[in-house]
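**Q** With the sequences and hints as input, model every part of the structure.
If you read the sequences in order, they're chains A and B.
Its first residue numbered 1, the first sequence is counted upward by one per residue in the numbering used here.
Its first residue numbered 284, the second sequence is counted upward by one per residue in the numbering used here.
To be clear, the hints were calculated from the coordinates, so they are not data collected in a lab.
One or more of the hints may lead you astray.
Stated by the list, open to error - Now the stretches of chain A that chain B is said to cover, found in silico as 3 or more residues with beta-carbon under 8 Å: (1) 89–99; (2) 166–178; (3) 183–189; (4) 265–274.
To be verified - Label-pair ranges, simulated between beta-carbon atoms: (5) V417(B) / T56(A): 55 to 61 Å; (6) S490(B) / S96(A): 45 to 51 Å; (7) S386(B) / N52(A): 57 to 63 Å; (8) D250(A) / E320(B): 53 to 59 Å; (9) N52(A) / E320(B): 38 to 44 Å; (10) S253(A) / P369(B): 54 to 60 Å; (11) V412(B) / R151(A): 22 to 28 Å.
Said to hold, decoys possible - Taking beta-carbon pairs under 10 Å as the criterion, some of the chain B residues facing chain A (in silico): (12) R557; (13) I709; (14) G711; (15) S972; (16) L977; (17) T980; (18) V982; (19) A1041.
Ideal placement from N, C-alpha and C gives every residue a C-beta, glycine not left out.
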Amino acid sequence: MTVSMPSSVDETLRLLSDDPAATILAGGTDAMVEINYEHRRPASVVSLRRVNELATWSIDGGTVRLGATVPYVEIMNSELAAASPGLAQASRTVGSSQIRNTGTVGGNLATGSPAGDTIPVLAALDAIVEIASVRGIREVAVVDLIVGVKRTVLEPDELIVAIRFPVASGPQEFLKIGPRNAMVISVASCALVINQAERSVACALGSVSPAPLRCGDAEEFAAANIDWTSDGIRITDPRTLETFGSMVADAASPIDDHRSTAAYRKHGIAVMARRALTRATTS
Amino acid sequence: MTDTSAGSTTTINPPATGVGNSVDRPDASAKVLGSFEFSNDLNHERMLWGATIRSPHPSARIVSINVAPALAIPGVAAVVTHHDVPGSPVYGLISHDQPVFASDVVRYQGEPVAAVAADHPDTCRRAMVAVEVVYEVTEPVVDLLTAATAKPVHPDGNVVRRVPIRFGDVDAVGDIVVEGTYEMGMQDQAFMGPESGMAVPAAGDGSIDLYVATQWLHEDRDQVADCLGLARDDVRIHLAGTGGAFGAREDVSFHVHACLLAQHTNRPVKMQYRRDESFLGHVHRHPAHMTYRHHATNDGRLVKVECDIVLDGGAYASSSFAVCGNAARFAAGPYKVPNAVVNASVVRTNNPPCGAMRGFGAVQVCFGHEAQMDKLAAALDMDPLEIRLLNALETGDRLITGQILDGVAPVRECIEAAAAFPLPPISGNDVFDQPGGAGRTADPLAVRRGVGFAVGFKNAAFAEGFVDDTHARCRLENGQVTLWCAAAEVGQGFVTIVRQIAVSTLGTDRVELMRASTADIGSAGSTSASRQTYMSGAAVLKACEEVAEQVRLAIAATHDVAPELVTIEGGRARTIDGRVDVIVADAIADVRFEAELRHMHRETYPLDEETGQGDCDVTWIFAAHRAVVDVDVELGLVKVVEVTTGQDVGVALNPLHVIGQIEGGISQGVGLAVMEEIITDVGLVRNPSFTDYLLPTMVDMPDVRITLIEQPEEGGPFGAKGVGETPSLSSTPAVAAAVRAATGLELTRVPIKPQDIALG
Ligand SMILES: Cc1cc2nc3c(=O)[nH]c(=O)nc-3n(C[C@H](O)[C@H](O)[C@H](O)COP(=O)(O)OP(=O)(O)OC[C@H]3O[C@@H](n4cnc5c(N)ncnc54)[C@H](O)[C@@H]3O)c2cc1C
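**A** Pasting the structure below:
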């Protein structure tokens, strides 16, 4: 096995172009598990460890630009946490400290698991993924990046460089159900992003569909029933919260598997969506 | 000779590391620093790697096996199948019913079909794929309730054992009757160090050395020797550093495979299971289905317990026979039960084989009888504590086997101690104090608190007439004590305890315990059934005492005093006139004192096959637990806040070690209550990984408060009892009871899943 340690994005892209079969290695928390279990036997690995530009982030006006290899621990503990509380909360639920110290959002997206915890938040944020190759840069929305269970539109020689999304303008929530109180793969998760400036509501779900899932009808319903005031948002009729929960659950298409049942997932989504909107409109 | 001059007394005292002290493990720092050699660290410059080719099907006929393509791979040194087993083709703990390699049929997913030795684990992996096994898949038997009458899974039939118990008046009827059906899922021991070890063929004489992480070296040796067709002395088993066991290392796993490969290649062969393979490569806790009917008087006294228990033993018998006996004997719990009708059976299926796990049959029934006690309390409008105290067993009571409970039985003290701790305050706002934890799902309005109690008991040491002996040797020479005992240290602390025993008897901490090996001494029996401190600890104590006695006589001879004027106490030897007052170990130089002995507990007897009556147990261990939980009743998520316990320990030889056992056992009990389960789907294991087989993390682990109930046990060293299994018995039912109290739901199955609560 050959391991390359490029130090720039350009060098990385050339290496990938020369050897598209190479495995990209960021934090390694997905890739090493696959290699250890021989689901993957890479002949060559391109490590992103020394590509410093991928590990930086910036806030420019109303937009966050998050480098693909910024680890979870930094999203939780830097100013990013205020700029994107939903993503920070999702990051806190990922694995254990060891995983959060090294795992990255780029890796989470490229793996594209239905249980990837940043994916619902990024989907609700309408995040844009910057994808580079020697052929140039293209931009893809998160909801279009992942097309099925662990299936993305990434070409073998393409690299996720950064993810862009708006700075928070209103409450954001992320709730995740697992049968253990930490370090657990999500049985179902729910992200809620409220944009006060645009008076819009976005809600996306995890682990209840093969690909990222937005809940358009429920979002419109919530936006129409929120009392948008300049000093905060309210919901006057409590039945709205209940209805929102069940509309979100209607959008989910969960399955039975060894981690849970479809019926429980749907139920859990309804409860989480209701609680998320309750928190967002009472805090 | 290092005695004191006439007239003066020495001021040297034995070190403060004897029994009763919380001494650190001798290997503690090595383990923390990473220098401890675990079995998977074994290395030999000429070694090959071995790997096992396993059935992907739970039930199939083997049409053909073609190893030629694997042998053609460069680096592959040998492939062995059932054709290559020179001795007994089958092995097993109690009945020899499990093939070394499947020949005609496979009976569970993961059953070994062949093994390969190669120069590198990667080469092994390639060879494993290259071995061509053609299967004709057959319908698996997977339902434990219909297995007894299903098509035979094995020539020995689908019922491994039935144990009926008929005690007292089987027709007795109580004023009040409560019924319930309970189920327990399949728990895994989930030890940290997967199965591993190395077989090393001896040059020339055909004998072989196996270094392996195991619970019982001599039993392994006998089974391995029989399969290899070797004399027992030609197989030497040495304990390799063991990363936990909990029952899963009682059965032979890769032992014979590694030895065969070593013999075929004439090179050392190392084998090491991967985590997913480990889940398929060892036995689990038996899933259980239990139907109970409790009769009581209007004032809450038990009149009769009726119980039908079916355990799923999986494809092979392992220790199912004994597990079933335990489930039957302890089915009524630690209560005065004048009449009982129990029918326990263990059946064969194509599910993963089940066998020993901490608590061994008593865990399953404890979940059942404790749910019933709560039901009874509710039906009588009594307090759950009160009904338990009212019926608590005492020394002198008769068990449902007819045996008189003649050991100490502080059931009442255990219950009262668990209940005596003040209830914990309402939890704070930290996410990790809330049900749902890091996922931040909790809504305080939906969180309900519940409190539950449970009490459990079981036997310690092997029962039903089993010859359960142990051997120890002590040598003292120039102040240095050397001990031999083949007791497997699996993390429980035997290596610490025996040193403490030597300190307390011989007065020195210059003590070396030799590596456990079949080559050096007789069997110590199994590290299971909470028996090693009680049994091998007693053997070591006796050996040390014999050496001390030899020293006493030598002092008498040397100083020309009558032997009865020399006393030994607390590690010191004294002459009555005070001329000699020394640490025993230092009393006489340049003489080797040595004692070796066999120790056996009192005799036990089989259960009558029709009535289940008999004096079958040696001694009993008891504990009570109180659990406090917070439940998000809408999402069904549980936070176990606190578990308190009173545990009967005899005398705590090392209180810190006892606390460690209790905390660890409670963690496993909590796991079984709310998350730990091997999920099978038509015989296939769906979660063979720590990603999906969930163990409690540190935020799932409740606060634990412990009262040790110390009433010395006759026959135990310094009054000690086994403490290892007790915490696993009633911690699970206590948590389940607390969740019932919080939710008002019946919750008749553990582990309790979120959907059982949320959609229940
Ligand atoms: C114990 C444990 C617990 C976990 N818990 C969680 C959890 O709670 N929630 C969760 O969502 N995940 C969890 N994971 C999965 C994993 O940690 C996350 O998916 C993580 O975000 C992966 O990031 P990484 O940097 O480690 O990716 P890597 O393993 O380095 O890479 C993952 C995949 O993405 C590709 N890749 C990486 N970076 C790029 C890039 N910039 N461009 C293109 N392709 C790229 C790699 O080639 C590989 O295929 C857990 C994993 C472990 C081992």
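**Q** The structure should be examined with respect to each hint, and the outcome stated for every one.
**A** Taking the hints in turn, this is what the structure says about them:
no.	hint	in the structure
1	89–99	holds (count 4)
2	166–178	holds (count 5)
3	183–189	holds (count 6)
4	265–274	holds (count 4)
5	V417(B) / T56(A): 55 to 61 Å	holds (56 Å)
6	S490(B) / S96(A): 45 to 51 Å	holds (46 Å)
7	S386(B) / N52(A): 57 to 63 Å	holds (60 Å)
8	D250(A) / E320(B): 53 to 59 Å	holds (58 Å)
9	N52(A) / E320(B): 38 to 44 Å	holds (40 Å)
10	S253(A) / P369(B): 54 to 60 Å	holds (57 Å)
11	V412(B) / R151(A): 22 to 28 Å	holds (25 Å)
12	R557	holds (8 Å)
13	I709	violated (18 Å)
14	G711	violated (15 Å)
15	S972	holds (9 Å)
16	L977	holds (5 Å)
17	T980	holds (5 Å)
18	V982	holds (5 Å)
19	A1041	holds (6 Å)
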